[in-house]
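Undergrad: The primary structure of each chain is shown beneath.
2 protein chains.
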Amino acid sequence: MSESTERDVRHKARMQRKKALIDEKIAQAQDEYGLLLVHSGNGKGKSSSAFGMVARTLGHGLKVGVVQFIKGAASTGEETFFRRFPEEVSYHVMGEGFTWETQDRQRDIAKAQEAWAVAQRLLSDDSVGLVVLDELNIALKHGYLELDAVLADIEARPLLQHVVVTGRGALPGMIEAADTVTEMSLVKHAFKSGVKAQKGIEF
Amino acid sequence: MSESTERDVRHKARMQRKKALIDEKIAQAQDEYGLLLVHSGNGKGKSSSAFGMVARTLGHGLKVGVVQFIKGAASTGEETFFRRFPEEVSYHVMGEGFTWETQDRQRDIAKAQEAWAVAQRLLSDDSVGLVVLDELNIALKHGYLELDAVLADIEARPLLQHVVVTGRGALPGMIEAADTVTEMSLVKHAFKSGVKAQKGIEF
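Protein chains in written order, with the working numbering: chain A, 62 to 264; chain B, 62 to 264.
Just so you know, the hints here were simulated from the structure itself, not pulled from any lab data.
Hints may contain errors.
Distance condition first, Cα-Cα at most 30 Å in a straight line; then the derived DSS-like pairs of lysine-lysine [stated by the list, open to error]:
(1) Lys249/B / Lys124/B
(2) Lys249/A / Lys249/B
(3) Lys124/B / Lys124/A
(4) Lys132/A / Lys202/A
(5) Lys249/B / Lys202/B
(6) Lys202/B / Lys132/A
(7) Lys202/B / Lys132/B
(8) Lys132/B / Lys249/A
(9) Lys202/B / Lys249/A
(10) Lys202/A / Lys124/A
(11) Lys249/B / Lys132/A
(12) Lys132/B / Lys202/A
(13) Lys202/A / Lys249/A
(14) Lys132/A / Lys132/B
(15) Lys202/B / Lys124/A
(16) Lys124/A / Lys249/A
(17) Lys132/B / Lys124/A
(18) Lys202/B / Lys124/B
Sample of chain B residues at the chain A side, in silico, Cβ under 10 Å [said to hold, decoys possible]:
(19) Thr66
(20) Val115
(21) Thr137
(22) Ser185
(23) Gly234
Beta carbons are placed, not taken as given, at the ideal position from N, Cα and C, and that holds for glycine.
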C-alpha cells in the first residue's frame, strides 16, 4: 500500500470514528436529565444567578432546596423573600457560620458536615427540582468537606434534579464533574470608585 | 535647588494630591445611591442574576419593574413566578419580539421605543427600588434605541433606584456609564457535550 493510500485509509477510519461519536452525542442529547452547574469566579452574580434559577424553577411548579454553607454570604433579602414560600422552598442556613476569626477548625468541620447532612436529604428527595449549594466551593476549598464524598452524593441524586454550586475557587474536581461552569468576572466595580455596599445590591 | 531636592518636592506634591483624592473618595463612599449594573458576556447567568436581585429587592420590601426587550430571551419560569406578585413586580415583555426573521427594521424600532416608554415610566417612579432592563444591550447594539437618550433617562432616575441592564455586547458607552460591570464567561457548557436545553435551566 502506498503511503498516500495508507493515509487515506487512516483518514477514513478516523472520520468513521468521528461520525460514530457525533451520532452518539446526538442520541445522548435527546436525554433530558438534571444538570450540575457551577458558578465560580471573583465577580458578582454567582449566588444571585442561582437565586434567579430558584425563581425560574418555582415558576415551573417545582420545589427547591437551598443550603447556604456560609452564613451571611448570600443576601438577607433573598433569604427573606424565599422564606415566604415554605411549602415550595426548603431554606437552610448553616449554623453560625465558619469561625474565620476564632480559627476553631474542628467546629467548622462539624458545622459543614451538619449542613451537608441537610444537603444529602435534599439530594435524595425526587420532589425537589433544584438544589442550591451556596458557597459550597468555599467549604470544599478549606477541606471542611471531602470532595469525593460530596460528588458521590451529587451524582447519586434523582435523575431530573438540577444542582447549582456557587463560590469562588471551585476545585478542579468540581469543574470536571460539572455540566456547565460559568465564570463571573469583575470588569468594573462601584466599590473601587468609592461607593459603599448597597442594600439590594450587595446584601 | 538640586535635582534630588526638586524630585522630593514633586514627589511630596504628588502624594498630597493623591491623599486629597483618597479623602474625597472616602467621603463619596458615605453617599448611598442607586447603582447602574451591567451584566454582559457570552456566559450564562446575565438575566438569572438580575432575577436573583429582583428576589433580593422584594425581600427588602421594595417594588421592582422588569422590562424584557426580547420576548422569549428570558426564562418563562421567571416570568410565571414573578407575575404572581402584581402588586410588587411590574412585569413587561416587549410586544411580539424583534423580527429577526422578517427583517422589518422599522417595526423593530417602533417596538423597542414602545418598550422604552414603559421603562421611562418605571425610571421616573421613586416607589420602584429596582428596574431590570433585560436584553437592552441587544436593542442598543442593533441601533433600535439611541444610547445617549437611554443613558439620559437612566441618569435622571430617582436617586436611590438601582438599574440592571443585561445582554451580551454592551456598548462602550454603557460600560462607561455603569457603576458595576460583570462579565459572565462560559467555561464549560453541557450543550457542547450533547445535552439539550433543560426546563428550569435554559428557559
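Undergrad: Now look at each hint and say whether the structure bears it out.
TA: Hint-by-hint comparison with the structure:
Restraint check for Lys249/B and Lys124/B: the C-alpha separation of about 35 Å exceeds 30 Å, so the hint is violated. A threshold of 30 Å between alpha carbons decides the hint, and for Lys249/A with Lys249/B the separation of about 24 Å falls inside it, so the pair holds. Pair hint Lys124/B plus Lys124/A holds up; C-alpha atoms about 25 Å apart against a cutoff of 30 Å. Straight-line distance between C-alpha atoms of Lys132/A and Lys202/A comes to about 16 Å, which keeps the hinted pair within the 30 Å bound.
Proposed proximity of Lys249/B and Lys202/B is supported: the alpha carbons are some 26 Å apart, at most 30 Å. Simply put, Lys202/B and Lys132/A have alpha-carbon atoms about 40 Å apart, too far for the 30 Å limit, and the pair is violated. With a C-alpha separation of about 16 Å, the suggested pairing of Lys202/B with Lys132/B holds against the 30 Å cut-off. A distance of roughly 29 Å separates the Cα atoms of Lys132/B and Lys249/A; the hinted pair therefore holds under the 30 Å criterion.
A hinted pair counts as satisfied when its Cα atoms are at most 30 Å apart, and Lys202/B with Lys249/A qualifies at roughly 20 Å. Only pairs whose Cα atoms come within 30 Å are accepted, and Lys202/A paired with Lys124/A is accepted, the gap being roughly 29 Å. Between Lys249/B and Lys132/A the CA atoms are separated by roughly 29 Å; this keeps the pair inside 30 Å, and the hint holds. The suggested pairing of Lys132/B with Lys202/A is violated, with an alpha-carbon distance near 40 Å, which exceeds 30 Å.
Between Lys202/A and Lys249/A the CA atoms are separated by roughly 26 Å; this keeps the pair inside 30 Å, and the hint holds. Proximity of Lys132/A to Lys132/B is assessed by CA-CA distance (about 37 Å); at most 30 Å being required, the pair is judged violated. Simply put, Lys202/B and Lys124/A have alpha-carbon atoms about 38 Å apart, too far for the 30 Å limit, and the pair is violated. Between the alpha carbons of Lys124/A and Lys249/A the distance comes to roughly 35 Å, so the proposed pair goes past 30 Å and is violated.
Between Lys132/B and Lys124/A, the direct Cα distance comes to roughly 26 Å. Compliance with the 30 Å bound is thereby established for this hinted pair. For the hint pairing Lys202/B with Lys124/B, the CA-to-CA distance comes to about 29 Å; that is within 30 Å, so the pair holds. Against a cut-off of 10 Å between C-beta atoms, the interface hint on Thr66/B is violated, since the closest Cβ of chain A lies about 34 Å away. Interface hint at Val115/B: satisfied, since its Cβ lies 7 Å from the closest Cβ of chain A, which is below the 10 Å cut-off.
For Thr137/B, the shortest C-beta to C-beta distance to chain A is roughly 7 Å, which falls under 10 Å, so the interface hint holds. Below 10 Å, beta-carbon pairs count as interface contacts, and Ser185/B has none with chain A, the closest being about 19 Å; its hint is therefore violated. The criterion of a C-beta within 10 Å of any C-beta in chain A is not met by Gly234/B, whose closest approach is roughly 13 Å, and the hint is violated.
Checked against the numbered hints listed earlier, the structure breaks hints 1, 6, 12, 14, 15, 16, 19, 22 and 23; every other hint is satisfied.
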